[in-house]
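Using the sequences and the hints given, assemble the complete structure.
Residue numbers (our numbering), protein chains in the order written: chain V, 1 to 273; chain E, 1 to 453; chain D, 1 to 300.
Please keep in mind that the hints were generated in silico from the structure rather than gathered at the bench.
Quantities reported herein were computed from a predicted structural model and do not represent experimental measurements.
Yeah, the Cβ is synthetic: ideal placement off N, Cα and C, and Gly gets one too.
Check the hints yourself; a few may be wrong.
Stated by the list, open to error - Selected chain V positions facing chain E (Cβ under 8 angstroms, derived; list incomplete):
hint, residue
1, S41
2, E43
3, V129
4, L134
5, Y211
6, D215
7, E217
8, T227
9, L228
Here is how the chains run, residue by residue.
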Amino acid sequence: MKQKVLKTTLFIVLCLAGVVTVLPFVWMVLSSFKTNGEIESLEQSLIPLAPTLDNYLNLQSNFDFLRYFANSILIAVLVTVIVVYTSCICGYVLGKYQFKGKNLIFGIVMMTMMVPWSVTIIPRYTMFVKAGLLDSYLSLILPVMFSGFGIFMMKQNMEGIPDELIEAARLDGANEFQIFHQLVFPLCKNGISAIAIFQFLWVWEDYLWPYLMMDSENKQLLAVGLTLFNGRYSTDYGGLFAATAISILPVIIVYVIFQKRFIAGVAAGAVKG
Amino acid sequence: MIVILTCSLTACAGSGDNNAGKETGTKDTEADKGLPVMGDQITYDPNHLVNDGNPITIDWWVWASEEMFRSIADAYEEIHPNVAINIINNPWDGYFTKLPLSLQKGEEGPTLFNIHNSYENLLMNYIEPYDIDTKEFIADYPSAASHVKDGKIYYADYGMSTGMVYYNKKLWKEAGLTEEDIPVTWEEFIEIAKKLTKFDEDGKMTRAGFNYNNYFHAIALGLNYQFGENMFSEDGRVSQVDGVGMKKAVSLLTDLFEKYHVGDKDFGTDCEQSFYQEQSAMVFVWGFFVNNLKTNYPDLEYGTFEIPTPEHDTPYAYYRYNGEATPGINKNASAAQKEVGQDFMRFFFANDEIQIMLSREGGLIPAKEALMESEELKDTPIVRTVGPHIDRYIWPGAMPSTLENNMKIAGEDILYNGKAPDKALKNAAGIIDVDLANTDFTASENLYQYYEK
Amino acid sequence: MRNREEKGMFKRRPLQSKSEVWMRNIVMGILVVYMAVFLIIPVIMVIAGSFHQWNPLNETYNWIGIENYVRMFSYPTFWQSMLNTVIFCVFVVFFRVTIGLAVAYALNSKMTRFKTFFRTVFYMPTVTPLVAVAYVWKIMYNPQFGLIDKIFGLDINWLFDSKFALPALMLMTVWKDFGYAVILFLSGLLSLPADCYESASLDGADAWQTFRYITLPLLKPTMLFVVVTSIISYLQAYVPVLVMTKGGPGTSTYLSSYLVYDQAFKQYNFGYASAISLFILVLTAAFTVISFKVTGNKDE
Numbered sequence: 001m002k003q004k005v006l007k008t009t010l011f012i013v014l015c016l017a018g019v020v021t022v023l024p025f026v027w028m029v030l031s032s033f034k035t036n037g038e039i040e041s042l043e044q045s046l047i048p049l050a051p052t053l054d055n056y057l058n059l060q061s062n063f064d065f066l067r068y069f070a071n072s073i074l075i076a077v078l079v080t081v082i083v084v085y086t087s088c089i090c091g092y093v094l095g096k097y098q099f100k101g102k103n104l105i106f107g108i109v110m111m112t113m114m115v116p117w118s119v120t121i122i123p124r125y126t127m128f129v130k131a132g133l134l135d136s137y138l139s140l141i142l143p144v145m146f147s148g149f150g151i152f153m154m155k156q157n158m159e160g161i162p163d164e165l166i167e168a169a170r171l172d173g174a175n176e177f178q179i180f181h182q183l184v185f186p187l188c189k190n191g192i193s194a195i196a197i198f199q200f201l202w203v204w205e206d207y208l209w210p211y212l213m214m215d216s217e218n219k220q221l222l223a224v225g226l227t228l229f230n231g232r233y234s235t236d237y238g239g240l241f242a243a244t245a246i247s248i249l250p251v252i253i254v255y256v257i258f259q260k261r262f263i264a265g266v267a268a269g270a271v272k273g
Numbered sequence: 001m002i003v004i005l006t007c008s009l010t011a012c013a014g015s016g017d018n019n020a021g022k023e024t025g026t027k028d029t030e031a032d033k034g035l036p037v038m039g040d041q042i043t044y045d046p047n048h049l050v051n052d053g054n055p056i057t058i059d060w061w062v063w064a065s066e067e068m069f070r071s072i073a074d075a076y077e078e079i080h081p082n083v084a085i086n087i088i089n090n091p092w093d094g095y096f097t098k099l100p101l102s103l104q105k106g107e108e109g110p111t112l113f114n115i116h117n118s119y120e121n122l123l124m125n126y127i128e129p130y131d132i133d134t135k136e137f138i139a140d141y142p143s144a145a146s147h148v149k150d151g152k153i154y155y156a157d158y159g160m161s162t163g164m165v166y167y168n169k170k171l172w173k174e175a176g177l178t179e180e181d182i183p184v185t186w187e188e189f190i191e192i193a194k195k196l197t198k199f200d201e202d203g204k205m206t207r208a209g210f211n212y213n214n215y216f217h218a219i220a221l222g223l224n225y226q227f228g229e230n231m232f233s234e235d236g237r238v239s240q241v242d243g244v245g246m247k248k249a250v251s252l253l254t255d256l257f258e259k260y261h262v263g264d265k266d267f268g269t270d271c272e273q274s275f276y277q278e279q280s281a282m283v284f285v286w287g288f289f290v291n292n293l294k295t296n297y298p299d300l301e302y303g304t305f306e307i308p309t310p311e312h313d314t315p316y317a318y319y320r321y322n323g324e325a326t327p328g329i330n331k332n333a334s335a336a337q338k339e340v341g342q343d344f345m346r347f348f349f350a351n352d353e354i355q356i357m358l359s360r361e362g363g364l365i366p367a368k369e370a371l372m373e374s375e376e377l378k379d380t381p382i383v384r385t386v387g388p389h390i391d392r393y394i395w396p397g398a399m400p401s402t403l404e405n406n407m408k409i410a411g412e413d414i415l416y417n418g419k420a421p422d423k424a425l426k427n428a429a430g431i432i433d434v435d436l437a438n439t440d441f442t443a444s445e446n447l448y449q450y451y452e453k
Numbered sequence: 001m002r003n004r005e006e007k008g009m010f011k012r013r014p015l016q017s018k019s020e021v022w023m024r025n026i027v028m029g030i031l032v033v034y035m036a037v038f039l040i041i042p043v044i045m046v047i048a049g050s051f052h053q054w055n056p057l058n059e060t061y062n063w064i065g066i067e068n069y070v071r072m073f074s075y076p077t078f079w080q081s082m083l084n085t086v087i088f089c090v091f092v093v094f095f096r097v098t099i100g101l102a103v104a105y106a107l108n109s110k111m112t113r114f115k116t117f118f119r120t121v122f123y124m125p126t127v128t129p130l131v132a133v134a135y136v137w138k139i140m141y142n143p144q145f146g147l148i149d150k151i152f153g154l155d156i157n158w159l160f161d162s163k164f165a166l167p168a169l170m171l172m173t174v175w176k177d178f179g180y181a182v183i184l185f186l187s188g189l190l191s192l193p194a195d196c197y198e199s200a201s202l203d204g205a206d207a208w209q210t211f212r213y214i215t216l217p218l219l220k221p222t223m224l225f226v227v228v229t230s231i232i233s234y235l236q237a238y239v240p241v242l243v244m245t246k247g248g249p250g251t252s253t254y255l256s257s258y259l260v261y262d263q264a265f266k267q268y269n270f271g272y273a274s275a276i277s278l279f280i281l282v283l284t285a286a287f288t289v290i291s292f293k294v295t296g297n298k299d300e
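Structure (structure tokens):
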């Protein structure tokens, strides 16, 4: 009996939490089908009284939405791929090798995770402007190629790979690059999933740096593009809702697909201390 | 595989469309276009080749009204088909964060850029003076006199903007009001506003008679003139934001909400939006409102009247005005780009059609004085409402943004954080004066016809 | 880092083959260069810059000694923003951790169904761009037509009432980020050894005791990770302020990183902004060390 009560309580609590989590999304998506007048009226109803597809239809014509979307996907995928690779290889060297200065380097990498963006952004800004890289995608890629977080996770992940496997490969005559690329890297699927999702998300929603660096409208990223809905004189709420609704879709899809691996990867990486 | 794919995608995207400075496009070979010379004192003869007729592209940065500026660019491109003008729209919020850096880029940056005079100090280092005779300039555009630096004009105004009270005609009729009820004094105004305010059974406000949320600071700055006090000291270097005049102005505004309840600080947090939604019957906003209404809410019937005053007699000044600044030319652009920029600006100043359109669309009083009498402009809301008294509006000068920013904070502190007005204003004055001391701003109040210390 | 050799793994031996040396040199070499260029040099530039009047627009870079620091410490808004930041950080981290842990525990329990569904639902806010979330919540907080006042029948002007403005920002942040904590704690719970629980129930421990004396201590590494990454992240929060309140009403919702943004990219006072950002760095380091001490680990 006690089991059943507990079970139902848990379920109810989870459902409540779920509703609270999802309500803003539901409201946002429903509102994306309302006109701006209806969104701002004193009398509100959840379901649109005069549903319209205009917000979605106007997205492309008013804001070149698809272009921002594509740009963001491009940069996010590129950076994620690079960070996954560098995190794995650094994690391998720091995790599996023993050499003088290893702990020092790892310590410094960890400490750099603590440095707030507000400290590095001013000098980086000056550096990139002087180097003439303003408005170039290089400015979005170069500063983020290595991630302390990623290195940390992968180093932990590497602990889970038996040293015997690696020693055996060495005895077989394989060199380190082969060992890493053909043996170790494929074994890290879980860790890679974890880093990939975190990194992708982080690039996907990064606002300030792309905002400062990118000038040309056709190179702009989505997170910055969304702020265009907030014009000087009025805010196009309906458009903003429609754009947001669409921009969450790919990430949710990716997440749903990779969920199990992602959680296992996080477990292997972040959780073992 | 993925790597190859992404690399090729980067290559595609990387070869961006930034054409500034590049030479693609049509070549112009017809110097004589058979077009008439335009302009009065400043003249523009379109019958010449720009950049020797070679194709050239320039960028023009704006923060709003892209279509309006596009039409001006199109008119120029029609005369000079070898010139391509790229309009780049950067939203206001970050416009002045990004502009100075882009200007440093020289040839790859904008050649033309819209200016707001409250950011003059950030931009002065980058502006090239106009290649137009100063005397001719002032003859056509009298307000340019206040922009002369070392005998040259770096930027001027194309129109004057100021505030008016906009009222919703439908809601007026509903309250039984007519044209004759248009108020002249604040007392009359309050009576009208009360009639337009609505509450529901629980005493909650459902319609504001007058709303100034998000605009408090913009109104307060300038309202002080009605109480006989200037915004700046005699030497024009120190603000008087904590002076008697401003205190009275602030007190008047807060009383409207807290004493007379014609509006509420928590109702309609953005007065312009609130007016669009017909949840506020009257708002006091500046010129551009006309364009917004026309573009976004063309069915809203509205009227305008002048800002009320304390008494029936003429006040020291009604309020302040500000000039809508003309585009500046980038000092760091290439010689060819600058040539095009200068030619374009002369066209801009000489062409009456363009000036009329700018004033009409922007709800402005034209800076080219002669145009105030023109058919198209003499009946626009602002010319009709404010025109007759325009000599009683003061231009404080190119007030740096610190004044608006800190008055906004003071206003919010007074209304929302319950801070004592005297303290809030003193605080604001302190910060403003430190910031002013770091610029070389000097107020232009002494240019006012009826200036008194 | 703890000594892994205790776990009976293969003893690490120093690099032997040439190939290993190459690998280490190249990888570590690039890593060190990268860190030097993008992290260490910037920090040095900022430290130097904080002693100068630095405006990149008119190329000023003049030594003014500690004037920036004096100005910073005597600026009431600075102190207010620091206080706001600490309050923001403490509350959001606390709620993120407790809600995250509670939900993760519920999801992990054998008695729960539809696990995948719930896991997706709770993570949805986290995968939405913060800028978008901030705009949506800004509208939700509107007193005339926002969702929150309508649903609860309230009449609060959230973002303009200094009592509620900062809490409003905190609520939004917790909503957005608790999913991250859920995932991390879930992973932690999944990797707990099952035999601990068996022996606990054999000993007659009830659910609460099991949780308190077995689960919680075993989750310490995860807890530490979540807390430290959360602290680092929230001490730097600025997007909610940028989008929703711009520091208002008055200056009551200024957060320290927003102050840096405002001084650096609106007023172009790079020197002054550098001083403020260094203070944030020190604060972050301090908090990180404190977290390590409190959870009983040696610091890095």
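Okay, the hints, checked on the actual structure:
no., hint, result
1, S41, "holds, 7 angstroms"
2, E43, "violated, 10 angstroms"
3, V129, "holds, 6 angstroms"
4, L134, "holds, 7 angstroms"
5, Y211, "holds, 7 angstroms"
6, D215, "holds, 6 angstroms"
7, E217, "holds, 7 angstroms"
8, T227, "holds, 7 angstroms"
9, L228, "holds, 6 angstroms"
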